[in-house]
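K.L.:
Residue numbers (the numbering used here), protein chains in the order written: chain X, 1 to 334; chain E, 1 to 334; chain G, 1 to 334.
Honestly, the hints are just simulated from the structure, not real lab data. Beta carbons are placed, not taken as given, at the ideal position from N, Cα and C, and that holds for glycine. Some hints here could point you the wrong way.
Unchecked claim - Derived, one-sided and incomplete: chain E residues facing chain G with beta-carbon distance under 10 angstroms:
1) Ala-15
2) Leu-16
3) Gly-18
4) Val-189
5) Cys-248
As the list claims (entries may be wrong) - Stretch by stretch, here's where chain E covers chain X in the computed footprint (C-beta under 8 angstroms, at least three residues):
6) 167 to 175
7) 243 to 254
8) 308 to 314
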Amino acid sequence: MRSLNATSLASIVSALGGDCIGSSELLISRITSLENAISSDISFLSSPKYASQFASSQAGCVIARRADWQTAKAAGFKGAGILTDDPYLYFAKLTQWWKRQTQLGGATTSLIHPTAVIGQRVQLGAEVQIGALCVVEDDAVIGARSILKPRVTLGSDCHVGEDCILHSGVVIGADGFGFASNKVTGEWVKIEQLGAVRIGSFVEIGANSCIDRGALEDTVLEDGVKLDNLIQIGHNVHIGKHTALAGCVGVAGSAKIGAHCTIGGGAVVLGHLSLADHVHISAASVVTRSIRKAGNYTGIFPLDDNASWEKNAVTLKQLHSLRDRIKKLENLRK
Amino acid sequence: MRSLNATSLASIVSALGGDCIGSSELLISRITSLENAISSDISFLSSPKYASQFASSQAGCVIARRADWQTAKAAGFKGAGILTDDPYLYFAKLTQWWKRQTQLGGATTSLIHPTAVIGQRVQLGAEVQIGALCVVEDDAVIGARSILKPRVTLGSDCHVGEDCILHSGVVIGADGFGFASNKVTGEWVKIEQLGAVRIGSFVEIGANSCIDRGALEDTVLEDGVKLDNLIQIGHNVHIGKHTALAGCVGVAGSAKIGAHCTIGGGAVVLGHLSLADHVHISAASVVTRSIRKAGNYTGIFPLDDNASWEKNAVTLKQLHSLRDRIKKLENLRK
Amino acid sequence: MRSLNATSLASIVSALGGDCIGSSELLISRITSLENAISSDISFLSSPKYASQFASSQAGCVIARRADWQTAKAAGFKGAGILTDDPYLYFAKLTQWWKRQTQLGGATTSLIHPTAVIGQRVQLGAEVQIGALCVVEDDAVIGARSILKPRVTLGSDCHVGEDCILHSGVVIGADGFGFASNKVTGEWVKIEQLGAVRIGSFVEIGANSCIDRGALEDTVLEDGVKLDNLIQIGHNVHIGKHTALAGCVGVAGSAKIGAHCTIGGGAVVLGHLSLADHVHISAASVVTRSIRKAGNYTGIFPLDDNASWEKNAVTLKQLHSLRDRIKKLENLRK
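Could you put together the complete structure from these sequences and hints?
P.N.:
So this is what it looks like as structure tokens:
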């Protein structure tokens with residue numbers, strides 16, 4: 001990461017709050033892990049289970065909970081502390097503050113890069129940033145402070161809310177995958193996708209992810225949804241507030257995912273299903289039925305060395321008949 | 001969706017055929033589901049199993065089969081009807097007609113957008129459209145009426161047939177993944193990919209999908225193939241006519257997929273396999289062997305709540321030894 | 001593939017070595033398989049198991065091992081030979097030589113295409129090529145002879161080594177997927193990604209693949225790493241030398257993959273895991289734990305016809321209880 005010009009703990013606490021223990025004059029120039037930190041670094045303890053790292057850490061300052069701070073002192077930790085109820089959340093806010101100080105930026109400093117192609121009747125909110133080589137088609141709407149990184153496509157009629165980030169390569173509003181079969185010729189006849197995409201505020205969409213436009217109604221992502229890279233969202237999908245999808249997830253058409261859900265990387269959600277709020281799907285699992293109840297769900301074939309896998313996989317194809325053989329043995333016992 | 005200026009049933013039937021029952025003067029301004037329709041909407045009944053929706057539907061007109069129309073009347077449906085043998089196919093054609101009327105369009109109305117980068121000796125058929133910020137490399141060929149949406153790459157020497165649609169972010173003709181291992185150094189030595197990509201007519205390729213060029217011969221997609229978003233087609237793959245692949249599918253090098261196949265989202269087809277015509281692979285299944293016989297094939301680990309999955313997954317690693325234990329018990333019975 | 005102006009075996013052997021058996025004046029204009037070759041073609045025998053193809057092959061010349069050449073002669077093969085220890089490696093080098101002769105090229109012949117957008121303080125090595133419509137953000141570094149194909153994004157502060165190839169649509173340095181949960185509101189709070197991406201030399205990255213920048217430290221790909229298309233590499237992943245990943249693989253944040261590994265298409269590696277050197281993961285397998293030992297690992301649900309799969313999948317959900325029933329039967333025997 002880029003170092004800051006050394007900055008005092010006092011200025012951090014003044015911006016982000018928290019109680020400073022030790023010298024608030026201490027100068028910090030980097031954020032790093034407790035393990036790697038030196039005396040000019042600030043670090044954080046996200047969970048008490050990592051508290052053993054205090055003993056050897058050379059960090060100049062640690063962000064910690066009040067309870068863990070006692071552990072730090074007991075372990076002989078020499079640095080200063082910033083005490084707060086949720087150190088990981090504080091760390092997140094610190095990274096945001098840090099970025100503003102260092103002003104990391106892309107190739108574009110202007111609001112609308114001159115190489116971006118903007119269609120007709122496009123509505124842009126205040127302080128919208130559109131990166132180099134983006135395409136914003138006719139009648140698209142982008143809310144205040146939203147950022148399109150370079151090389152994003154926003155299709156016609158699609159709406160993006162306020163404070164969103166669309167990363168490079170994102171495609172919003174390509175046609176949904178809809179065809180009717182001509183039963184006589186076996187050809188696929190295109191169903192024109194007449195809906196659009198509506199994205200709420202504070203939504204972030206990762207690089208090269210795709211959100212298809214709806215067939216008749218719109219595809220919808222509610223406020224605060226976070227999508228990682230290379231995700232496919234089919235037409236007419238609806239994703240509830242503050243739901244997060246990890247990389248390479250595919251959500252088929254018309255699936256309805258609740259609020260505050262998480263879906264692990266590479267998982268697949270089939271079409272026309274409903275997932276309740278607070279449903280958590282493990283990575284690489286396949287959701288083949290609706291889920292009405294909050295909770296954690298998984299379906300992964302366990303990894304094994306090749307030879308063991310092969311034996312078990314072969315036997316798996318006989319599993320149902322094995323069940324019948326057990327039944328038979330049980331009946332013989334009666 | 002965008003509303004039409006109200007248009008009469010007569011003009012729809014005049015363009016698309018079908019028998020109009022009731023007032024052909026009725027004015028329609030939207031297509032929507034039977035459930036949500038109001039009196040200025042047209043809807044459709046794709047299957048008799050949804051016929052119960054007739055009772056409460058306020059649709060101004062429904063596209064239906066003759067047999068289902070009786071059900072509609074019996075259920076007290078008040079609207080008009082367009083009777084046809086295949087309502088879903090009629091609906092598809094209606095969406096096409098609708099789009100032409102509303103002239104939804106992207107940022108580009110010119111045929112070749114001025115920001116597109118076109119190489120040397122490129123051959124373009126009549127009425128080809130190339131969107132903003134596309135790259136068409138040297139010696140590429142694009143057939144009549146094909147459309148490259150914004151930000152598509154078409155590589156050198158690659159051919160696209162007539163009436164194709166390539167969505168935003170598509171990459172045709174990147175190098176196939178070919179390396180020889182230098183057994184002495186452990187390094188990978190690049191095998192230059194000297195083939196190209198040949199795409200037939202009426203092919204549609206979804207956003208951010210990739211079709212690699214062949215190593216020596218070409219990678220081939222035959223007429224009428226439909227690919228969804230984020231699909232990877234390896235070098236020297238051959239896909240037969242009217243086969244459709246859903247989002248996030250990966251097809252490894254030199255696989256040969258027949259005609260009229262469907263492959264569900266997130267499925268993987270390994271390299272050098274052959275699939276017969278009319279093979280249907282379920283979503284997220286992994287095709288590890290050639291399939292000689294038409295039919296439906298699946299391989300998905302069933303989703304379960306976390307705790308149940310964990311117990312079953314652990315036991316799965318002992319499955320082969322469980323089989324042996326059953327065998328032993330059976331032998332003891334003899 | 002593009003034919004060469006006929007070129008003599010002598011010129012090939014002079015460039016690439018090997019012992020020429022038969023007329024070195026023979027003119028060659030194409031590389032192709034033994035099966036399809038005609039007398040003006042050169043072919044290769046990568047493994048003795050394909051030696052039966054010699055009998056009917058019309059190839060003008062074959063690249064073969066000394067031992068296999070005897071088989072060729074015994075089978076009545078009439079063509080010339082180039083004898084070498086590793087014919088497949090020789091073939092790879094021949095494709096490279098061939099490409100240089102035919103000078104296949106993209107739309108761009110200039111080193112930096114005029115439509116590319118280059119940020120401030122970017123450092124470019126000798127003979128770097130940047131294709132049309134690329135974006136290279138501020139402070140990025142690209143080593144000598146590396147090639148960015150059209151429509152690549154290289155983010156700020158990211159480093160690419162020498163002799164690399166980044167294919168069309170690649171995104172290097174988008175933000176890693178990092179959020180802290182605000183436990184009070186249920187909202188995700190962005191953790192700014194302050195690290196960058198460091199890519200070694202001789203790395204190739206396939207179309208539309210994404211390498212995220214690190215949260216605090218950098219994401220690292222060592223020398224000789226080869227990535228296929230549509231691959232997702234999360235923040236702070238570290239991939240060792242000469243490791244190759246096939247298409248559609250997802251590697252979650254902070255995973256550490258050793259050197260000389262291979263990961264099959266569509267596989268998923270979960271976050272914070274370590275894989276030893278020389279680990280080989282089968283396609284579509286999910287790596288849920290660290291692997292300390294070199295070897296081959298697999299976890300795929302076997303494909304079956306739909307009806308069989310359904311019966312076995314249902315039974316799989318009872319597998320743990322089946323184990324208990326077997327145990328019970330065994331105890332009854334005692």
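K.L.:
Taking 10 angstroms as the limit, does the beta-carbon of E/Ala-15 come near enough to a beta-carbon in chain G?
P.N.:
violated (39 angstroms)
K.L.:
Go through the hint on E/Val-189 and say holds or violated, using the shortest Cβ distance to chain G against 10 angstroms.
P.N.:
For E/Val-189, the interface hint holds, since the closest Cβ of chain G sits about 4 angstroms away, which is under 10 angstroms.
K.L.:
Checking C-beta pairs, does the stretch 308 to 314 of chain X have three or more residues closer than 8 angstroms to chain E?
P.N.:
holds (count 4)
K.L.:
Given E/Gly-18 as an interface hint, is its Cβ closer than 10 angstroms to any Cβ of chain G?
P.N.:
Violated. Min distance 36 angstroms.
K.L.:
Has the stretch 243 to 254 of chain X got at least three residues whose CB is nearer than 8 angstroms to a CB belonging to chain E?
P.N.:
Three-residue rule met by the stretch 243 to 254 of chain X, so holds; n is 3.
K.L.:
Holds or violated: the stretch 167 to 175 of chain X covered by chain E, criterion of 3 or more residues with Cβ-Cβ distance under 8 angstroms?
P.N.:
Answer holds; 4 residues pass the 8 angstroms Cβ test.
K.L.:
So, as I understand it, the hint says E/Leu-16 touches chain G; can you test that by seeing if any CB pair is closer than 10 angstroms?
P.N.:
Violated, because the Cβ-Cβ distance from E/Leu-16 to chain G comes to roughly 36 angstroms (cut-off 10 angstroms).
K.L.:
Min Cβ distance, E/Cys-248 to chain G: is it shorter than 10 angstroms?
P.N.:
holds (7 angstroms)
Checked against the numbered hints given earlier, this structure breaks hints 1, 2, 3; the rest are met.
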